[in-house]
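Residue numbers (my numbering), protein chains in the order written: chain A, 1 to 317; chain B, 1 to 155; chain C, 1 to 411.
These are calculated hints, taken from the structure and not from any lab test.
Idealized CB from N, CA, C, for every residue including glycine.
Each hint should be verified, as a subset may be incorrect.
[What the hints assert, rightly or not] To spell it out: a stretch of chain A is covered by chain B in this simulated footprint if at least three of its residues, at any positions, have a beta carbon under 8 Å from a beta carbon of chain B; those stretches are: (1) 5-13; (2) 38-48.
[Unchecked claim] With a straight-line cut-off of 27 Å between C-alpha atoms, the simulated DSS-like cross-links for lysine-lysine are: (3) C:Lys4 to A:Lys96; (4) C:Lys287 to C:Lys258; (5) A:Lys191 to A:Lys178; (6) B:Lys99 to A:Lys210; (7) A:Lys94 to C:Lys195; (8) C:Lys4 to A:Lys94; (9) C:Lys195 to A:Lys96; (10) B:Lys22 to C:Lys228; (11) C:Lys195 to A:Lys91; (12) A:Lys10 to B:Lys145; (13) A:Lys231 to A:Lys288; (14) B:Lys53 to A:Lys100; (15) A:Lys179 to A:Lys284; (16) A:Lys202 to B:Lys99; (17) C:Lys233 to B:Lys21; (18) A:Lys10 to A:Lys107; (19) A:Lys107 to A:Lys210; (20) B:Lys21 to C:Lys228; (21) A:Lys100 to C:Lys195; (22) B:Lys22 to C:Lys233; (23) C:Lys4 to A:Lys91; (24) C:Lys258 to C:Lys321; (25) B:Lys99 to A:Lys200; (26) A:Lys200 to A:Lys210; (27) A:Lys202 to A:Lys178; (28) C:Lys296 to C:Lys258; (29) A:Lys7 to B:Lys99; (30) A:Lys268 to B:Lys147; (31) C:Lys9 to C:Lys258; (32) A:Lys284 to A:Lys231; (33) B:Lys99 to B:Lys53; (34) A:Lys100 to C:Lys4; (35) A:Lys10 to B:Lys99; (36) A:Lys107 to A:Lys191; (37) B:Lys53 to A:Lys107; (38) A:Lys179 to A:Lys210; (39) A:Lys231 to A:Lys200.
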Amino acid sequence: MAITSVKNLKEFSTANERFEGAHLLCPGCAHSMIVRELMNCSDDNLVIAANTGCLEVSTAVYPYTAWDTSWIHIGFENAATAASGAEAMYKARKRKGTLKNPDAPVKFVAFGGDGSTYDIGFQWLNGAVERGHDFTYICLDNEVYANTGGQRSSSTPIGSSSTTAPAGRVSYGEKQNKKDMMSIMAASGAKYVAQVSPNKWKNMAQVFQKSLATEGPCYINAISACCTEWKFDPKDTIHISDLATDSLVFPLYEIVDGHELNINYRPKNIIPVRDYLGSQGRFKHLFKPQFEHVLNEWQTRVDAQWDYLQRREAARV
Amino acid sequence: MSLENILSNAQRGQRELGAEKKVGWDEVTQGVVINAFEYDATNVSRELSEDRKYSDFSSYTATVASWRIIKPIYNRDICIDCQNCWVWCPDTSIISRDKQMLGIDYDHCKGCGVCVEVCPTNPKSLLMFAETADGEECLAGWPVKEKKAKETETE
Amino acid sequence: MAEKIELQKVEVWDGNYAASHALRQAQVDVVAAYPITPSTPIVENYGQFVADGYIDGEFVMVESEHAAMSGCVGAAASGGRVATATSSQGFALMVEVLYQASGMRLPIVLNVVNRALASPLNVRGDHSDMYLGRDSGWIQMDAFNAQEAYDMNLCAFRVGEHMDIRLPVMVHQDGFITSHTAQNVNPLSDEEAYKFVGVYNPVEEMLDFSRPVTYGAQTEEDWHYEHKARQHKALMDARPVIESVFAEFQKVSGRQYKRVETYMTEDAEVIIVALGTTVESARVAAKQLREEEGIKAGVVAPRVLRPFPFDAIRDALQNCKAIGAMDRSSPGGALGMLFNEVSAAMYTTSARPVMSNYIYGLGGRDLSINAIKDIYRELQENATAGEITTPVQQFISLRGPKLSFFETRRS
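So that you can see chain A by itself, here it is in the shape it has in the complex:
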């Protein structure tokens, strides 16, 4: 595989752009930071499948495409299966000698938002991973159905206000905890599973390159700060992402072969969870006195998760 150097940003910046501008994603959208970096960190031919969602409706609106590679969108739920089919066809045609570029390296990638990954496309993704197709699935996780105006998904965190789990006078909003897709995918047979965030660009690029180089199914949960639905200023996307990773709300770690857990980022100064929550409109109501307990529970839960991850890493099991 042809790797673009990501040793430092100066070297990485010599990569040739493969994700074009004038797509329709919101100003400041983290989706495009993630997608651009994935496409720029490899020279290989990519066959990309996308679920319905913000990324899909913004990057291939006839008569325009923002994609410099082959790309397909079928439905809300089936990008992983489209990638499966493409990968199967590649294998069949390679064996038969009917490929036009038989020696060209190719990687199969699927994108989905958290709605299509955690909810409606869960079965399709799980099936494709179980079957062992050689592809990388990247969830652009903004914890809400942003494309349709902010409905809760099973990735929406406790205490967040969404249109279908709104906060109000007597409710603090979302009651369910975010689904643990990392563990689920590791247990489903993904060879490599990692959580990344665009503010840690180098880790993200390294994880992308590792997953593209890994034979078999890989799952990347990419935290995608959404200025529109998280309600922050578009210029602050990277700042909010910094708060997410430094408060350990989004710990960056990987699980290799379903069991070997490595923490990829340890903040020098761990910041309080309430600093992260307070930076976004979706959690604003939690700072009212009657919902103070939710803030406390948040910190306790994040501490417990960090403790668990560190013990899993140390145990080497």
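Chain A is fixed; fit chains B and C onto it per the hints.
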């Protein structure tokens, strides 16, 4: 390759979205497919944008400049070419060549302001101004170094 | 390179096995499948052919029928030959992706072994699933027996992959009666069959890296209509292509097919229009009635349901006096599909045969030769009277009180 040469690329940012010619049913593409290039694109990942032959279907040829109400202005004199703005630009609008930041692609920039926020220099090498502001005047009135500036964390 | 199989001149195959041999001979590159009764053996057999080295393709066993068609779309967009099979509930689950396959102009071949739709759950054959697919933009070809299941599959690849068409094709056969009944089948040799089907020619393939392609773009009100119109044009253009493929198939097989199959229609006064295995039953009944009672009975059967053979139906029924349109699908508060579409075809001519609609055989209920004869006798009464003597829609071979709907205003 100078910024002027890159920006003068005749293909880039030519059309407002929605302003494309509305052809009839007999001229739309079979199966709604879109081909991004008009030439053998086998090596496209190893070619610079300005050396490619995009088709009219690539959004590279379109512009979203009209979305913008504020715009970033770039001050070359202060820039340290850290490439923070390049890696985090969501709109492929920071033009860097040979590890040097050259400037901004105003046809694709939506004015989100991320590049300014992630700029680590003091004063910043990128600042947001009104879309109508005059570039030369902005540069002439560029702020001086702040004494107790809080550094943006970088990798 | 895949091994060949030396076939007998006459093989004893059921419809499923016949279909899977056609897929083998066409050297299908990818089958993404989720088996469902009664179509299960088609993809099982493909898997066995792969396991035995008779096909070089990839057999992808997915986790639902929706995923099966999704995998087929991903594979077909990657520039190779793709097929699968389904029935009933599985077909219903696939529907979303059927529209996407046809909109993307991907020549996938889908064997639909017809079966009833729940509720109540039923595994037997009726045409509910076939009818469900009729607006999906696919070409639909109907096989009435195992031989035709084999033949139609070979023709389906040729039609769908034709450069002017590039559309997916369904090949229908009746659940169990065709799919699980062993019959004599005259196959082509592997060489003849592959020569007829031909090498797959990719169009806009995702694996041609010299020409990256975006599939599945969004279109809103300023583009969607033109794209759907172009797609419909391709579907309508399939009519002469189907005829030329059938003509070529006759040259290699000796078997002649038409978009509308007719039986004893030249002088027929009363004609039954039907699909599937009922066509063969109706032919037996028509022949017997002519010999026993002198009723000039005939049978008309759409071989191709989509694009609807409006012209050929009209021509075949031009001179008859009464038509019984037989719909093997619960009509959902309307006249049956065949009744409506055949009536529409007749209404564009000056001929005004008396039209009536028979609902029958739901959930695999047998339709006897005698029941069909009763229909012909009723049609004869209509023909003699010059007007309909019964309600327009009747449920037949049904227990309980007589059930009928849609009275006519009689003169």
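Here is how each hint holds up against the structure:
1. Requiring three or more residues with a Cβ within less than 8 Å of a Cβ of chain B, the coverage given for the stretch 5-13 of chain A holds, as 5 such residues are present.
2. Only residues whose beta carbon comes within less than 8 Å of a beta carbon in chain B count, and the stretch 38-48 of chain A has 4; three or more means the coverage holds.
3. Only pairs whose Cα atoms come within 27 Å are accepted, and Lys4 of chain C paired with Lys96 of chain A is accepted, the gap being roughly 15 Å.
4. Pair hint Lys287 of chain C plus Lys258 of chain C holds up; C-alpha atoms about 21 Å apart against a cutoff of 27 Å.
5. Of the supplied pair hints, the one linking Lys191 of chain A and Lys178 of chain A holds, its CA atoms being roughly 23 Å apart against a limit of 27 Å.
6. The straight-line distance between the Cα atoms of Lys99 of chain B and Lys210 of chain A is roughly 24 Å, inside the 27 Å bound, and the hint therefore holds.
7. Pair hint Lys94 of chain A plus Lys195 of chain C holds up; C-alpha atoms about 22 Å apart against a cutoff of 27 Å.
8. With a C-alpha separation of about 20 Å, the suggested pair Lys4 of chain C and Lys94 of chain A falls inside the 27 Å cut-off, and the hint holds.
9. Among the hinted pairs, Lys195 of chain C with Lys96 of chain A is consistent with the structure: their alpha-carbon atoms are about 17 Å apart, no more than 27 Å.
10. Taken as a hint, the Lys22 of chain B and Lys228 of chain C pair is honoured in the structure, with Cα atoms around 15 Å apart against an allowance of 27 Å.
11. The hinted pair formed by Lys195 of chain C and Lys91 of chain A meets the criterion: a straight-line CA distance of about 24 Å does not exceed 27 Å.
12. Using a Cα cut-off of 27 Å, the hinted pair Lys10 of chain A and Lys145 of chain B holds, with the two alpha carbons roughly 24 Å apart.
13. Annotation: proposed proximity of Lys231 of chain A to Lys288 of chain A holds, straight-line Cα distance about 18 Å (limit 27 Å).
14. As the CA atoms of Lys53 of chain B and Lys100 of chain A are separated by approximately 21 Å, the hinted pair is consistent with the 27 Å bound.
15. Restraint check: the Cα-Cα separation between Lys179 of chain A and Lys284 of chain A comes to about 22 Å, which is no more than 27 Å; the hinted pair holds.
16. Among the hinted pairs, Lys202 of chain A with Lys99 of chain B is consistent with the structure: their alpha-carbon atoms are about 16 Å apart, no more than 27 Å.
17. A hinted pair counts as satisfied when its Cα atoms are at most 27 Å apart, and Lys233 of chain C with Lys21 of chain B qualifies at roughly 22 Å.
18. At roughly 25 Å between alpha-carbon atoms, Lys10 of chain A and Lys107 of chain A fall within 27 Å of each other, so this suggested pair holds.
19. Taking the CA atoms of Lys107 of chain A and Lys210 of chain A, the gap is about 12 Å. The hint holds against a cut of 27 Å.
20. For the proposed pair Lys21 of chain B and Lys228 of chain C, the alpha carbon gap of about 18 Å is at most 27 Å, so the pair holds.
21. A C-alpha spacing of about 22 Å is found between Lys100 of chain A and Lys195 of chain C, which places the hinted pair at or below 27 Å, so the restraint holds.
22. This hinted pair checks out: Lys22 of chain B and Lys233 of chain C have alpha carbons roughly 19 Å apart, not beyond 27 Å.
23. Distance hint between Lys4 of chain C and Lys91 of chain A is fulfilled; the C-alpha atoms sit about 21 Å from each other, no more than 27 Å.
24. For the suggested pair Lys258 of chain C and Lys321 of chain C, the alpha carbons sit about 23 Å apart, so the restraint of at most 27 Å is met.
25. Taking the CA atoms of Lys99 of chain B and Lys200 of chain A, the gap is about 20 Å. The hint holds against a cut of 27 Å.
26. For the hint pairing Lys200 of chain A with Lys210 of chain A, the CA-to-CA distance comes to about 15 Å; that is within 27 Å, so the pair holds.
27. Between Lys202 of chain A and Lys178 of chain A the CA atoms are separated by roughly 26 Å; this keeps the pair inside 27 Å, and the hint holds.
28. For the hint pairing Lys296 of chain C with Lys258 of chain C, the CA-to-CA distance comes to about 22 Å; that is within 27 Å, so the pair holds.
29. Between Lys7 of chain A and Lys99 of chain B, the direct Cα distance comes to roughly 13 Å. Compliance with the 27 Å bound is thereby established for this hinted pair.
30. Proximity of Lys268 of chain A to Lys147 of chain B is assessed by CA-CA distance (about 25 Å); at most 27 Å being required, the pair is judged to hold.
31. Proposed proximity of Lys9 of chain C and Lys258 of chain C is supported: the alpha carbons are some 24 Å apart, at most 27 Å.
32. As the CA atoms of Lys284 of chain A and Lys231 of chain A are separated by approximately 10 Å, the hinted pair is consistent with the 27 Å bound.
33. With a CA separation close to 24 Å, the supplied pair Lys99 of chain B and Lys53 of chain B stays within the 27 Å bound.
34. Between Lys100 of chain A and Lys4 of chain C the CA atoms are separated by roughly 26 Å; this keeps the pair inside 27 Å, and the hint holds.
35. Of the pairs offered as hints, the one joining Lys10 of chain A and Lys99 of chain B holds, with about 5 Å between alpha carbons and a cut-off of 27 Å not exceeded.
36. Straight-line distance between C-alpha atoms of Lys107 of chain A and Lys191 of chain A comes to about 15 Å, which keeps the hinted pair within the 27 Å bound.
37. A hinted pair counts as satisfied when its Cα atoms are at most 27 Å apart, and Lys53 of chain B with Lys107 of chain A qualifies at roughly 24 Å.
38. Distance hint between Lys179 of chain A and Lys210 of chain A is fulfilled; the C-alpha atoms sit about 25 Å from each other, no more than 27 Å.
39. Between Lys231 of chain A and Lys200 of chain A the alpha-carbon distance is near 22 Å, which keeps this suggested pair within the 27 Å criterion.
Hint compliance for this structure: no hint is broken.
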